Amino acid sequence: MRILAVSQHYWPEPFNFSDICEGLVSRGHEVVVLTGLPNYPEGKIYDGYRNGARRRESKAGVRIVRSKMIPRGKGVPQRVANYFSFSCNAKKVARDLDPDFDVVVAMQSSPVMMAEPALAYAERTGAPVLLWCLDLWPASLAAGGIAIDSVPYRLFHRISRRIYRGVDKIAVTSPLFRKYMEIEFGVDPRAVVDLPQYAEEAFLAEVGKAPEGFDSSKVNLTFAGNIGSAQSVETIMGAADRLKDDARFAFHIVGSGSSEAHCRDMAMRLGLSNVVFHGRRPLEDMPAFYGASDAMIATFADDATLCYTLPRKVQSYLAAGKPILGSLAGEAARVVREARCGFVCPPEAADDLAQACVAFADMPAAGRAQLSENARAYYLRHFTKDRFFETLEEQLEELRRSKE
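Note that the numbering used here has the sequence shown beginning at 115, numbered continuously upward.
Derived by calculation from the structure, the hints in this document are not laboratory data.
Just so you know, not all the hints are guaranteed correct.
[To be verified] Lysine-lysine pairs mimicking DSBU-like chemistry, simulated, CA-CA at most 35 Å apart:
1. K293 <-> K332
2. K158 <-> K517
3. K158 <-> K182
4. K205 <-> K158
5. K188 <-> K205
6. K206 <-> K517
7. K499 <-> K293
8. K499 <-> K182
9. K205 <-> K182
10. K332 <-> K358
11. K517 <-> K205
12. K206 <-> K182
13. K206 <-> K188
14. K173 <-> K517
15. K517 <-> K188
[As the list claims (entries may be wrong)] Distance ranges between label pairs, derived from CB positions:
16. P478 <-> Q192: 36 to 44 Å
17. P128 <-> R177: 16 to 24 Å
18. E487 <-> R394: 13 to 21 Å
The structure presented is a predicted model; accordingly, all values stated were derived computationally and were not measured.
Glycine included, every Cβ here is placed at the ideal spot set by N, Cα and C.
Sequences and hints are given; from them, build the entire structure.
Structure (C-alpha coordinates):
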(Lines of atoms letter the chains of each structure in order from A; the text may use other names.)
(Lines give C-alpha, C1' and ligand atoms only; values in the text may rest on other atoms or scores of the structure.)
Protein backbone atom coordinates (compact mmCIF):
# COMPACT_ATOMS: atom_id res chain seq x y z
CA MET A 115 0.00 0.00 0.00
CA ARG A 116 0.93 3.64 -0.47
CA ILE A 117 0.42 5.17 2.95
CA LEU A 118 0.38 8.83 3.92
CA ALA A 119 1.18 9.18 7.63
CA VAL A 120 0.36 12.44 9.40
CA SER A 121 1.76 13.45 12.78
CA GLN A 122 2.87 16.74 14.27
CA HIS A 123 5.79 14.88 15.88
CA TYR A 124 8.29 12.60 14.17
CA TRP A 125 11.96 11.63 14.22
CA PRO A 126 14.30 13.05 15.48
CA GLU A 127 11.76 13.81 18.21
CA PRO A 128 11.33 10.96 20.74
CA PHE A 129 8.03 9.49 19.51
CA ASN A 130 7.50 5.87 18.51
CA PHE A 131 5.41 6.79 15.45
CA SER A 132 8.77 6.84 13.66
CA ASP A 133 9.29 3.18 14.56
CA ILE A 134 5.79 2.37 13.32
CA CYS A 135 6.30 4.05 9.95
CA GLU A 136 9.67 2.36 9.49
CA GLY A 137 8.04 -0.93 10.44
CA LEU A 138 5.43 -0.48 7.73
CA VAL A 139 8.21 0.12 5.19
CA SER A 140 9.98 -3.06 6.31
CA ARG A 141 6.72 -4.90 5.68
CA GLY A 142 6.67 -3.79 2.06
CA HIS A 143 4.60 -0.61 2.15
CA GLU A 144 5.49 2.81 0.78
CA VAL A 145 5.23 5.48 3.49
CA VAL A 146 5.37 9.26 3.25
CA VAL A 147 5.16 11.23 6.51
CA LEU A 148 3.72 14.74 6.75
CA THR A 149 5.04 16.29 9.95
CA GLY A 150 6.28 19.50 11.54
CA LEU A 151 9.67 20.85 12.48
CA PRO A 152 11.31 18.97 15.37
CA ASN A 153 11.16 21.02 18.57
CA TYR A 154 9.93 18.67 21.33
CA PRO A 155 10.53 18.63 24.28
CA GLU A 156 12.64 21.78 24.68
CA GLY A 157 10.35 23.95 22.56
CA LYS A 158 13.11 25.13 20.20
CA ILE A 159 13.56 24.12 16.56
CA TYR A 160 16.38 21.57 16.39
CA ASP A 161 19.71 22.56 14.90
CA GLY A 162 19.80 21.85 11.19
CA TYR A 163 16.07 22.46 10.65
CA ARG A 164 15.88 26.24 10.82
CA ASN A 165 15.45 28.70 7.94
CA GLY A 166 13.74 26.22 5.64
CA ALA A 167 16.41 23.53 5.90
CA ARG A 168 15.63 19.80 5.59
CA ARG A 169 11.96 20.24 4.74
CA ARG A 170 12.20 17.02 2.74
CA GLU A 171 14.38 14.11 3.80
CA SER A 172 14.36 10.33 4.16
CA LYS A 173 15.11 7.90 6.96
CA ALA A 174 14.98 4.10 6.87
CA GLY A 175 12.94 4.15 3.67
CA VAL A 176 10.38 6.66 4.93
CA ARG A 177 10.06 9.90 2.97
CA ILE A 178 9.51 12.86 5.30
CA VAL A 179 7.80 16.11 4.31
CA ARG A 180 7.95 18.88 6.91
CA SER A 181 5.62 21.83 7.30
CA LYS A 182 6.70 25.11 8.80
CA MET A 183 5.33 25.82 12.27
CA ILE A 184 5.78 27.91 15.39
CA PRO A 185 7.83 26.03 18.03
CA ARG A 186 6.03 25.10 21.25
CA GLY A 187 8.20 27.28 23.48
CA LYS A 188 7.57 27.33 27.22
CA GLY A 189 4.35 29.23 27.93
CA VAL A 190 0.70 28.40 27.26
CA PRO A 191 0.16 31.10 24.57
CA GLN A 192 3.19 29.86 22.63
CA ARG A 193 2.00 26.27 22.90
CA VAL A 194 -1.45 27.16 21.58
CA ALA A 195 0.20 28.99 18.68
CA ASN A 196 2.27 25.86 18.06
CA TYR A 197 -0.85 23.69 17.96
CA PHE A 198 -2.70 25.82 15.43
CA SER A 199 0.33 26.69 13.30
CA PHE A 200 1.05 23.06 12.49
CA SER A 201 -2.58 22.34 11.65
CA CYS A 202 -2.92 25.37 9.37
CA ASN A 203 0.42 25.07 7.59
CA ALA A 204 0.35 21.29 7.20
CA LYS A 205 -3.12 21.47 5.63
CA LYS A 206 -1.63 23.69 2.93
CA VAL A 207 1.18 21.20 2.34
CA ALA A 208 -1.32 18.33 2.22
CA ARG A 209 -3.12 19.96 -0.69
CA ASP A 210 0.03 19.67 -2.80
CA LEU A 211 0.88 16.04 -2.02
CA ASP A 212 0.40 13.22 -4.53
CA PRO A 213 -3.33 12.45 -4.80
CA ASP A 214 -2.96 8.67 -5.11
CA PHE A 215 -2.20 7.39 -1.59
CA ASP A 216 -4.29 4.34 -0.77
CA VAL A 217 -4.86 5.23 2.88
CA VAL A 218 -4.00 7.90 5.44
CA VAL A 219 -2.86 7.17 9.00
CA ALA A 220 -3.06 10.05 11.45
CA MET A 221 -1.32 9.76 14.80
CA GLN A 222 -3.27 11.85 17.29
CA SER A 223 -1.68 12.57 20.61
CA SER A 224 -1.90 16.14 21.87
CA PRO A 225 -3.21 18.33 20.37
CA VAL A 226 -6.19 16.84 18.55
CA MET A 227 -5.73 19.31 15.67
CA MET A 228 -2.65 17.45 14.48
CA ALA A 229 -5.10 15.17 12.64
CA GLU A 230 -6.66 17.99 10.61
CA PRO A 231 -4.14 17.80 7.71
CA ALA A 232 -5.16 14.14 7.26
CA LEU A 233 -8.80 15.19 6.87
CA ALA A 234 -7.80 17.96 4.47
CA TYR A 235 -6.01 15.43 2.27
CA ALA A 236 -8.96 13.04 2.43
CA GLU A 237 -11.42 15.76 1.43
CA ARG A 238 -9.34 16.49 -1.66
CA THR A 239 -8.62 12.92 -2.73
CA GLY A 240 -11.23 10.65 -1.14
CA ALA A 241 -8.55 8.56 0.59
CA PRO A 242 -9.81 6.80 3.74
CA VAL A 243 -8.38 7.88 7.09
CA LEU A 244 -7.47 5.78 10.12
CA LEU A 245 -6.86 7.89 13.21
CA TRP A 246 -4.71 6.32 15.92
CA CYS A 247 -5.85 8.01 19.14
CA LEU A 248 -3.34 8.13 21.99
CA ASP A 249 -4.88 11.05 23.90
CA LEU A 250 -8.58 11.74 24.33
CA TRP A 251 -9.62 15.29 23.55
CA PRO A 252 -10.96 17.41 25.08
CA ALA A 253 -10.74 15.05 28.08
CA SER A 254 -6.99 15.71 28.19
CA LEU A 255 -7.72 19.39 28.76
CA ALA A 256 -10.00 18.59 31.68
CA ALA A 257 -7.29 16.38 33.16
CA GLY A 258 -4.92 19.34 32.89
CA GLY A 259 -7.25 21.58 34.89
CA ILE A 260 -9.27 23.30 32.13
CA ALA A 261 -12.89 23.73 33.24
CA ILE A 262 -15.44 21.95 31.05
CA ASP A 263 -17.60 25.10 30.89
CA SER A 264 -14.69 27.27 29.73
CA VAL A 265 -14.39 28.76 26.26
CA PRO A 266 -11.21 26.79 25.38
CA TYR A 267 -12.83 23.49 26.40
CA ARG A 268 -15.97 24.18 24.34
CA LEU A 269 -13.85 25.19 21.34
CA PHE A 270 -11.77 22.03 21.46
CA HIS A 271 -14.89 19.94 22.03
CA ARG A 272 -16.24 21.16 18.68
CA ILE A 273 -12.89 20.53 16.98
CA SER A 274 -12.63 17.04 18.51
CA ARG A 275 -16.17 16.14 17.48
CA ARG A 276 -15.50 17.18 13.89
CA ILE A 277 -12.27 15.18 13.72
CA TYR A 278 -13.46 12.01 15.47
CA ARG A 279 -16.66 11.90 13.40
CA GLY A 280 -14.84 12.85 10.21
CA VAL A 281 -12.41 9.94 9.95
CA ASP A 282 -13.28 6.50 8.59
CA LYS A 283 -11.89 4.48 11.47
CA ILE A 284 -10.42 5.17 14.91
CA ALA A 285 -7.82 2.91 16.48
CA VAL A 286 -7.64 3.34 20.25
CA THR A 287 -4.93 2.53 22.76
CA SER A 288 -7.43 1.79 25.54
CA PRO A 289 -10.79 -0.02 25.20
CA LEU A 290 -12.44 2.65 27.35
CA PHE A 291 -11.75 5.25 24.63
CA ARG A 292 -14.52 3.60 22.61
CA LYS A 293 -17.09 4.25 25.32
CA TYR A 294 -16.02 7.89 25.67
CA MET A 295 -16.26 8.56 21.94
CA GLU A 296 -19.67 6.94 21.67
CA ILE A 297 -21.12 8.88 24.63
CA GLU A 298 -19.37 12.21 24.05
CA PHE A 299 -19.48 12.46 20.25
CA GLY A 300 -21.86 9.79 18.97
CA VAL A 301 -19.08 7.87 17.21
CA ASP A 302 -20.28 4.50 15.91
CA PRO A 303 -18.53 1.90 18.12
CA ARG A 304 -18.19 -0.33 15.04
CA ALA A 305 -15.79 2.27 13.61
CA VAL A 306 -13.48 1.94 16.63
CA VAL A 307 -10.85 -0.80 16.92
CA ASP A 308 -8.39 -1.67 19.69
CA LEU A 309 -4.74 -0.94 18.86
CA PRO A 310 -2.81 -0.75 22.14
CA GLN A 311 0.77 0.45 22.16
CA TYR A 312 3.72 -1.91 22.31
CA ALA A 313 6.97 -1.53 24.23
CA GLU A 314 10.34 -0.87 22.66
CA GLU A 315 12.14 -4.15 21.94
CA ALA A 316 15.01 -3.00 24.17
CA PHE A 317 12.83 -3.67 27.21
CA LEU A 318 12.65 -7.36 26.28
CA ALA A 319 16.43 -7.80 26.28
CA GLU A 320 18.86 -8.57 29.07
CA VAL A 321 20.48 -5.51 30.64
CA GLY A 322 23.92 -4.89 32.04
CA LYS A 323 25.35 -2.66 34.74
CA ALA A 324 23.02 -0.77 37.07
CA PRO A 325 22.99 3.03 36.62
CA GLU A 326 24.65 5.32 39.12
CA GLY A 327 22.53 5.94 42.19
CA PHE A 328 21.21 2.40 42.61
CA ASP A 329 22.11 0.36 45.70
CA SER A 330 21.45 -3.35 45.18
CA SER A 331 20.98 -3.84 48.92
CA LYS A 332 17.85 -1.65 48.79
CA VAL A 333 14.36 -2.28 47.49
CA ASN A 334 14.63 -0.05 44.41
CA LEU A 335 11.28 1.33 43.22
CA THR A 336 11.30 3.39 40.02
CA PHE A 337 8.93 5.78 38.27
CA ALA A 338 9.86 6.44 34.63
CA GLY A 339 8.25 8.94 32.29
CA ASN A 340 6.73 12.38 32.10
CA ILE A 341 6.44 14.27 35.38
CA GLY A 342 3.31 16.37 34.91
CA SER A 343 0.09 17.15 36.71
CA ALA A 344 -1.61 14.06 35.28
CA GLN A 345 1.06 11.72 36.67
CA SER A 346 0.83 12.96 40.29
CA VAL A 347 4.43 12.08 41.14
CA GLU A 348 3.69 14.00 44.32
CA THR A 349 1.92 10.82 45.46
CA ILE A 350 5.28 9.02 45.30
CA MET A 351 6.86 11.81 47.34
CA GLY A 352 4.13 11.30 49.93
CA ALA A 353 4.73 7.55 50.06
CA ALA A 354 8.49 8.10 50.35
CA ASP A 355 7.87 10.49 53.23
CA ARG A 356 5.89 7.85 55.09
CA LEU A 357 8.69 5.33 54.53
CA LYS A 358 11.73 7.55 55.08
CA ASP A 359 12.50 5.82 58.37
CA ASP A 360 12.44 2.38 56.71
CA ALA A 361 15.99 1.92 55.46
CA ARG A 362 14.98 -0.76 52.98
CA PHE A 363 13.56 1.60 50.36
CA ALA A 364 15.02 3.75 47.58
CA PHE A 365 12.69 5.62 45.22
CA HIS A 366 13.97 6.60 41.78
CA ILE A 367 12.37 9.22 39.52
CA VAL A 368 13.53 9.05 35.89
CA GLY A 369 12.10 11.71 33.60
CA SER A 370 11.18 15.37 33.46
CA GLY A 371 8.16 17.56 32.99
CA SER A 372 6.14 20.50 34.23
CA SER A 373 5.88 19.18 37.80
CA GLU A 374 9.50 18.09 38.18
CA ALA A 375 10.64 21.24 39.98
CA HIS A 376 7.73 21.03 42.40
CA CYS A 377 8.50 17.38 43.18
CA ARG A 378 12.18 18.13 43.73
CA ASP A 379 11.22 20.98 46.07
CA MET A 380 8.82 18.68 47.90
CA ALA A 381 11.53 16.05 48.37
CA MET A 382 13.94 18.65 49.70
CA ARG A 383 11.37 20.19 52.03
CA LEU A 384 10.43 16.78 53.45
CA GLY A 385 14.04 15.69 53.77
CA LEU A 386 13.59 12.65 51.54
CA SER A 387 17.04 11.11 51.37
CA ASN A 388 15.37 7.96 50.02
CA VAL A 389 14.44 9.67 46.72
CA VAL A 390 16.83 10.03 43.76
CA PHE A 391 15.99 12.20 40.75
CA HIS A 392 17.82 11.03 37.62
CA GLY A 393 16.35 13.54 35.14
CA ARG A 394 15.36 12.78 31.57
CA ARG A 395 17.37 9.96 30.01
CA PRO A 396 17.52 8.74 26.40
CA LEU A 397 15.53 5.65 25.51
CA GLU A 398 18.64 3.51 25.12
CA ASP A 399 19.48 4.11 28.81
CA MET A 400 16.08 3.09 30.14
CA PRO A 401 16.42 -0.73 30.10
CA ALA A 402 19.30 -0.41 32.57
CA PHE A 403 17.10 1.59 34.95
CA TYR A 404 14.35 -1.02 34.64
CA GLY A 405 16.82 -3.84 35.15
CA ALA A 406 18.18 -2.31 38.34
CA SER A 407 14.68 -1.83 39.77
CA ASP A 408 12.87 -4.36 41.93
CA ALA A 409 9.51 -2.89 40.90
CA MET A 410 8.17 0.00 38.85
CA ILE A 411 5.70 2.64 40.00
CA ALA A 412 2.81 4.05 37.96
CA THR A 413 0.71 6.92 39.31
CA PHE A 414 -2.21 9.01 38.10
CA ALA A 415 -3.90 12.13 39.39
CA ASP A 416 -7.36 11.60 40.85
CA ASP A 417 -9.24 12.64 37.71
CA ALA A 418 -12.08 10.68 36.13
CA THR A 419 -10.88 11.42 32.60
CA LEU A 420 -7.58 9.63 33.27
CA CYS A 421 -9.45 6.39 33.94
CA TYR A 422 -9.77 5.94 30.18
CA THR A 423 -6.03 5.96 29.61
CA LEU A 424 -3.52 3.12 29.39
CA PRO A 425 -0.12 4.89 29.39
CA ARG A 426 2.62 3.29 27.33
CA LYS A 427 4.83 2.97 30.38
CA VAL A 428 2.57 0.15 31.57
CA GLN A 429 3.42 -1.88 28.45
CA SER A 430 7.11 -1.11 28.97
CA TYR A 431 6.95 -2.20 32.61
CA LEU A 432 5.20 -5.43 31.60
CA ALA A 433 7.62 -6.14 28.74
CA ALA A 434 10.56 -5.76 31.10
CA GLY A 435 8.95 -8.29 33.42
CA LYS A 436 8.70 -5.84 36.29
CA PRO A 437 6.20 -5.92 39.16
CA ILE A 438 4.03 -2.79 39.15
CA LEU A 439 3.00 -0.73 42.16
CA GLY A 440 0.16 1.45 40.93
CA SER A 441 -1.73 4.38 42.37
CA LEU A 442 -4.25 4.15 39.57
CA ALA A 443 -7.84 3.72 38.49
CA GLY A 444 -9.65 2.66 35.34
CA GLU A 445 -8.01 0.81 32.46
CA ALA A 446 -4.45 0.91 33.81
CA ALA A 447 -5.58 -0.50 37.16
CA ARG A 448 -7.55 -3.21 35.36
CA VAL A 449 -4.49 -4.33 33.41
CA VAL A 450 -2.28 -4.58 36.52
CA ARG A 451 -4.94 -6.56 38.37
CA GLU A 452 -5.72 -8.81 35.41
CA ALA A 453 -2.02 -9.47 34.85
CA ARG A 454 -1.59 -10.28 38.56
CA CYS A 455 1.73 -8.50 38.46
CA GLY A 456 1.62 -6.13 41.39
CA PHE A 457 -0.39 -3.99 43.79
CA VAL A 458 -2.98 -1.32 43.00
CA CYS A 459 -4.37 1.43 45.20
CA PRO A 460 -6.54 4.49 44.41
CA PRO A 461 -5.03 7.59 42.75
CA GLU A 462 -3.30 10.13 44.99
CA ALA A 463 -3.44 7.75 47.96
CA ALA A 464 0.07 8.15 49.39
CA ASP A 465 -0.69 6.11 52.51
CA ASP A 466 -2.01 3.22 50.44
CA LEU A 467 0.93 3.39 48.04
CA ALA A 468 3.33 3.24 50.99
CA GLN A 469 1.49 0.17 52.27
CA ALA A 470 1.78 -1.42 48.82
CA CYS A 471 5.53 -0.78 48.87
CA VAL A 472 5.82 -2.48 52.24
CA ALA A 473 3.68 -5.41 51.10
CA PHE A 474 5.94 -5.87 48.08
CA ALA A 475 9.12 -5.61 50.15
CA ASP A 476 7.79 -8.19 52.59
CA MET A 477 7.16 -10.76 49.85
CA PRO A 478 9.51 -13.73 49.61
CA ALA A 479 11.80 -13.85 46.59
CA ALA A 480 9.64 -16.51 44.96
CA GLY A 481 6.58 -14.29 45.24
CA ARG A 482 8.33 -11.35 43.60
CA ALA A 483 9.63 -13.63 40.85
CA GLN A 484 6.08 -14.79 40.16
CA LEU A 485 4.91 -11.19 39.75
CA SER A 486 7.71 -10.67 37.22
CA GLU A 487 6.76 -13.79 35.28
CA ASN A 488 3.12 -12.72 35.26
CA ALA A 489 4.04 -9.28 33.91
CA ARG A 490 6.08 -10.60 30.99
CA ALA A 491 3.51 -13.29 30.16
CA TYR A 492 0.69 -10.73 30.05
CA TYR A 493 2.71 -8.51 27.72
CA LEU A 494 3.38 -11.39 25.35
CA ARG A 495 -0.32 -12.27 25.26
CA HIS A 496 -1.65 -8.77 24.65
CA PHE A 497 0.88 -6.11 23.63
CA THR A 498 3.60 -7.43 21.32
CA LYS A 499 4.92 -5.51 18.35
CA ASP A 500 3.96 -8.29 15.94
CA ARG A 501 0.39 -8.25 17.22
CA PHE A 502 0.30 -4.45 16.79
CA PHE A 503 1.41 -4.55 13.16
CA GLU A 504 -0.88 -7.44 12.28
CA THR A 505 -3.87 -5.45 13.53
CA LEU A 506 -2.73 -2.20 11.91
CA GLU A 507 -2.14 -3.77 8.49
CA GLU A 508 -5.45 -5.62 8.66
CA GLN A 509 -7.34 -2.39 9.37
CA LEU A 510 -5.51 -0.42 6.67
CA GLU A 511 -6.15 -3.12 4.08
CA GLU A 512 -9.83 -3.16 5.01
CA LEU A 513 -10.01 0.61 4.50
CA ARG A 514 -8.18 0.38 1.18
CA ARG A 515 -10.62 -2.23 -0.12
CA SER A 516 -13.59 -0.17 1.04
CA LYS A 517 -12.66 2.60 -1.40
CA GLU A 518 -12.13 0.38 -4.46
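Results for each hint:
1. K293 <-> K332: violated (43 Å)
2. K158 <-> K517: violated (40 Å)
3. K158 <-> K182: holds (13 Å)
4. K205 <-> K158: holds (22 Å)
5. K188 <-> K205: Between K188 and K205 the Cα gap is close to 25 Å, so the pair holds against 35 Å.
6. K206 <-> K517: At roughly 24 Å apart (the allowed maximum being 35 Å), K517 and K206 satisfy the hint.
7. K499 <-> K293: Holds, at roughly 25 Å.
8. K499 <-> K182: Distance ~32 Å between K499 and K182 Cα, so the pair holds.
9. K205 <-> K182: holds (11 Å)
10. K332 <-> K358: holds (13 Å)
11. K517 <-> K205: It holds: about 22 Å lies between the C-alpha atoms, which stays within 35 Å.
12. K206 <-> K182: holds (10 Å)
13. K206 <-> K188: holds (26 Å)
14. K173 <-> K517: holds (29 Å)
15. K517 <-> K188: violated (43 Å)
16. P478 <-> Q192: 36 to 44 Å: violated (53 Å)
17. P128 <-> R177: 16 to 24 Å: Given a distance of about 21 Å, which is inside 16 to 24 Å, the answer is holds.
18. E487 <-> R394: 13 to 21 Å: For R394 against E487, whose Cβ atoms are near 31 Å apart, the range 13 to 21 Å is violated.
Violated hints, listed in ascending order, are 1, 2, 15, 16, 18; each of the other numbered hints is respected by the structure.
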